[in-house]
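For chain H, the structure is supplied; the task is to place chains P and B on it using the hints.
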Amino acid sequence: MTLTDPDRLLPAEPAQRAIARQLYDRVADLPIISPHGHCDPRWFAENTRFPDPAALFVVPDHYVFRMLVSQGVRLEELGVPRTDGGAVEADPRVIWRRFAEHYHLFRGTPSAMWLDHSFEHVFGLTERLTADTADAYYDHIDAKLGEAGFLPRALFERFNLEVLATTEGALDDLKWHKQIADSGWSGRVVTTYRPDAVVDPEFEGFAENLETFGALTGEDTTTWEGYLAAHRLRRQFFKAHGATASDHGHPTARTENLSQPEAAALYQKVRSGDCTAEEADAFRGQMLTEMARMSQDDGLTMQIHAGSRRNHSAQVFAGFGRDKGFDIPGRTDWVGALKPMLDVVGMDRDLCIILFTLDETVYGRELAPLAGAYPALKLGPPWWFFDSPEGIKRFRETTTETCGFYNTAGFNDDTRAFCSIPARHDVSRRSDCAYLAGLVATGRLRLEDAHEVAHDLTYRLAKDAYRL
Amino acid sequence: MTLTDPDRLLPAEPAQRAIARQLYDRVADLPIISPHGHCDPRWFAENTRFPDPAALFVVPDHYVFRMLVSQGVRLEELGVPRTDGGAVEADPRVIWRRFAEHYHLFRGTPSAMWLDHSFEHVFGLTERLTADTADAYYDHIDAKLGEAGFLPRALFERFNLEVLATTEGALDDLKWHKQIADSGWSGRVVTTYRPDAVVDPEFEGFAENLETFGALTGEDTTTWEGYLAAHRLRRQFFKAHGATASDHGHPTARTENLSQPEAAALYQKVRSGDCTAEEADAFRGQMLTEMARMSQDDGLTMQIHAGSRRNHSAQVFAGFGRDKGFDIPGRTDWVGALKPMLDVVGMDRDLCIILFTLDETVYGRELAPLAGAYPALKLGPPWWFFDSPEGIKRFRETTTETCGFYNTAGFNDDTRAFCSIPARHDVSRRSDCAYLAGLVATGRLRLEDAHEVAHDLTYRLAKDAYRL
Amino acid sequence: MTLTDPDRLLPAEPAQRAIARQLYDRVADLPIISPHGHCDPRWFAENTRFPDPAALFVVPDHYVFRMLVSQGVRLEELGVPRTDGGAVEADPRVIWRRFAEHYHLFRGTPSAMWLDHSFEHVFGLTERLTADTADAYYDHIDAKLGEAGFLPRALFERFNLEVLATTEGALDDLKWHKQIADSGWSGRVVTTYRPDAVVDPEFEGFAENLETFGALTGEDTTTWEGYLAAHRLRRQFFKAHGATASDHGHPTARTENLSQPEAAALYQKVRSGDCTAEEADAFRGQMLTEMARMSQDDGLTMQIHAGSRRNHSAQVFAGFGRDKGFDIPGRTDWVGALKPMLDVVGMDRDLCIILFTLDETVYGRELAPLAGAYPALKLGPPWWFFDSPEGIKRFRETTTETCGFYNTAGFNDDTRAFCSIPARHDVSRRSDCAYLAGLVATGRLRLEDAHEVAHDLTYRLAKDAYRL
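Chains as they are written, first to last, in this note's numbering: chain H, 1 to 468; chain P, 1 to 468; chain B, 1 to 468.
Chain H extracted, bound-state conformation:
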């Protein structure tokens, strides 16, 4: 008995399945390139055991707890910490049981696939998770977590991770990355420059963040020039800790190309805190263009993740803070929004800007035509809600015909759920092979070319796009 079907996600039709299987077999065991995600570098710096099954699989994973919340479980009952420090469920076994009782809610979702894959392939479980098996699961996983083979570095190696990128804020001291580097461990864990806290005027504590930014860099961040110089220095610091990319999470894809005096004046406005929402948005937009210019100089690949309306529920945000499963995508314009930045840097053949969208309607209409023309642009893989078999299928079906495979940037797992990394890359490899098999079976791609493309999508394109 197994939890996962060895032929999962390959086409059901036998001839296509045979092709897909052949393609998949050649890429299934390639090393994992994980160029963007949210794992905690401390795991690999300290290499101590993960605390318990609930802390590993439930409490930090908004994919998991929001689904239970949608069906009437309260966040408190799942041990999610309250911002006021109020009491929440503290017993991990109770949390685990609640999770197990509701496990049927995940039927048909990628979460079920990732979890089952982790249960089976990481922990060796083969019975289904149900209310009845909840305790046995808990005990089994908890015991395993105490074994040397389940410490973070051991798992990293077992997962065949060639490189793992984490994401840190501009003010981070990167001490865990330093500790990893100093430790002599062979695993490659690199950071990524994510400056939202000093770029977004609406970020909590923006004014103080700018002061800290100045203090950290020795630049005078009360001036526009000093502020830009601080970014440049910080980017060097991140590069020194392995960064090959920056990352920018914005509510929209807006970019601006203000003159430097205009930009300086806008900076003074947003720095003072006395700016409108429109001015804050314009500032974020200007900073994307500035970051692109800096990338031209220092070679960092630039990632734009746009379109999430964060903290949709006022009640959940007040009670539990950010990243609690209530970030909802919205319609996102890209074609107009990116023009100011692209008029500055879009034709630069040495620059790499990777675009991630939560609005799938733009794939065929906007993103593929843009990436199929501008040399500086690449399309990131399906993100967040769309990092799934159907999401990947729609991505390929709506982009390939316009921009081909070679304007895409391979796969990102973008996860904070460490154990799901092999599962997510496996879903991506299988889904891409299924898509390629369909092209082969309908005379749209030669099998030998499909083998090469499968390898590129799995391995080479991510390495190239992120210069890893």
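Source of the hints: derived by calculation from the structure; they are not laboratory data. Glycine included, each C-beta is placed from N, C-alpha and C at the ideal position. Worth double-checking, as some hints may not be accurate.
As the list claims (entries may be wrong) - Now the stretches of chain H that chain B is said to cover, found in silico as 3 or more residues with beta-carbon under 8 Å:
1) 326-337
2) 341-352
3) 356-370
4) 400-414
Said to hold, decoys possible - Each computed EDC-like pair below joins lysine to aspartate or glutamate, with the alpha-carbon atoms no more than 20 Å apart:
5) P/K324 / B/D343
6) P/K339 / H/D323
7) B/K393 / H/E397
8) H/K339 / B/D327
Then chains P and B, alone, in the frame of chain H:
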């Protein structure tokens, strides 16, 4: 010879077809739950014969006559009444022949599938409808309609309807529902509270409707408090006639959360008729939040049907009035629009708000993320133009991965075409089983789970969501 | 060895493939109706040889060169002329080699399919194009182009073109069409009235264009009445050169229905050059309604191609001008935008307006409901980025259920790449047959009806819609 293929809508690939067939066989004969629709309760109150084939299949069905109009037939030629009482075709046989001559226009549409299903499974016809068979069809159906087995109550029972919800305006006296209840007949026909005529300031006769509303309830509808009290009483009256739900058909999904003094002031504006389009829209938005609050008190499930631009053709509206096939969907924002209401009631685990969209692009981007987080929300099935095999397929493919099956609300036929009810539910059951079979065949769902889900989608989820 | 799979684009599943093959075999060799495109009539007037392989396949085809540009090749390196007359690659063999070296970029794109089809079926090549075969390809094609059988008229006949429509601006003298007609050659090449240069106030040289327009027609184009009269005369002139249609390429689908005095006043504004972007847009919108009225009089079919944001890159536009692969689609509203025009002409059963969109999200939500109601409307085939197997599939899947097949207008190749015409029509025929086979295999369409529909989609609907 038959009109319908016994394997219709099941996957063509043999292995998947076998799975789908197995799933379908277990749900094909379950009772029909019809929790939302537009059948006339008078049919079941009076239980007299349907007049003739044209009156049953053509004249009242905007799906049917708009298609003929699109190819050059005039509404008058199909017997659709003019608002000025001007002459229209009065001979039902002539109307029927016109319909039959144009029947090829429906190739590939769900209308053809529903009609053929009714012809074969309700009336026992097995030859195709063409110009040549038009008269034979007419005579056959007309004769059947005179038989006892084809009276409305007999058909209701033969269709295996466990419950049928109709939809009545807030000013309706519900006399037909009373007559049904008093008759001792065992069929369950319930009403639904649809207050558009007293909620939408742009509805024809809004001011007089408010007066009638006051007279009916004994409340002073010249005040905001009296107006709300009138709604509360009317909802009780509808509940006494079986209602378990309200229904709200709005051009947009906009909601508002005004303070009560602001809402009262806005009410006086719209009541006076001296309000802008923007104010009318804001008022409708405020009333969704008020209705949600009332649902928290009285337990009615709340349905929001948003996004139809009604009466698109000025000429058709002037000549023939509402509901003449010229209602065209428009782009609909949900994520911003629902926030005010959701900040009030969204986290209520005892409330059930069901969302229906005519903008399919929001399924994956907005509705599934919302329903996969807020406990008060459920997704209604594909509606109107999308109540079809491809529409259902897209619905499942774009929602399941994010919100699963259990944040959806089963199937609605939403029809005024009584004879199409079994056909529509059958299309839904087959389409869902086809989708589930695809998940099973690609290792994404276990067969035993798929059986349980198929039963839930067919029967349990609708009963639960509507508390039927 | 062949470049193209004889079963390409037919469904992979054997039973469906057999049905599709049967459908396709009956339509594969039907004459080509090409009712809209951008071939140069001079080719058929002069009937001289095409210059060389690069000039035939690379330099004029923005599908081809933008893909190479997106991966770092410069337009200059591909021989695309600079607007300043600056030096660009002049050796066609060098251009061809660059193209060949990058040919893998087209994997999975329709360009690859069109090109391989042309290489094999027009030029008899059977080895793959690679860097290694580049010179052999060049020599082979270049030699063929010198043969009598590869002159434009010979290819026209070999391609089995029953009629080819070209597109000329309102100020064109149509001398090549006259020369074709006078030559006694039996090939039917008709023009199309495309008045953008005298309708769009933002077109380069608009004011001078209006003067030329007056001079050409003898009408006083300084007045609104004279301007409209000039259009009427010009349309007659185009009709005399075979035109059965007009074509309108607008950034949005906006229409207006101003009173004639308002329109006259707006005309004076735009004529003076002293108008806002909003007024320019309103004028274009008014002109769509005026053109529709003229179509009611003179019977020209009207095409609206809306939604391209032209010349997205300022740098490319400055360096190379229009049509250089940097036209990016944008979100397009149709349902609100068309209402003013449809309130004037929408119910006219003798008028034919064909709609083309670059925003696929509107197919199911807006265009199919509109075309499934208004007698004057038809849906054009997928356009530009979406004239592809997946694009055609999405088009059929999102429109058929609402407006059927008979509110669509057959296929357009819309190309300036002459040799791709048979390939494009073949992709369309195969894709439609694949779609129909799916309907047949799932019991949604009878095989005999599918044969009739396949013929209609291939041949009859285009002839009817364009009155050819």
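Consistency of the hints with the structure:
1. 326-337: As far as the region 326-337 of chain H goes, the hint holds, because 3 residues have Cβ atoms under 8 Å from chain B.
2. 341-352: holds (count 5)
3. 356-370: n = 7 at 8 Å, threshold three: holds.
4. 400-414: Answer holds; 8 residues pass the 8 Å Cβ test.
5. P/K324 / B/D343: holds, 15 Å
6. P/K339 / H/D323: Measuring from Cα to Cα gives roughly 17 Å; hence the hint holds.
7. B/K393 / H/E397: At roughly 10 Å apart (the allowed maximum being 20 Å), H/E397 and B/K393 satisfy the hint.
8. H/K339 / B/D327: holds, 12 Å
Consistency note: the structure conflicts with none of the earlier hints.
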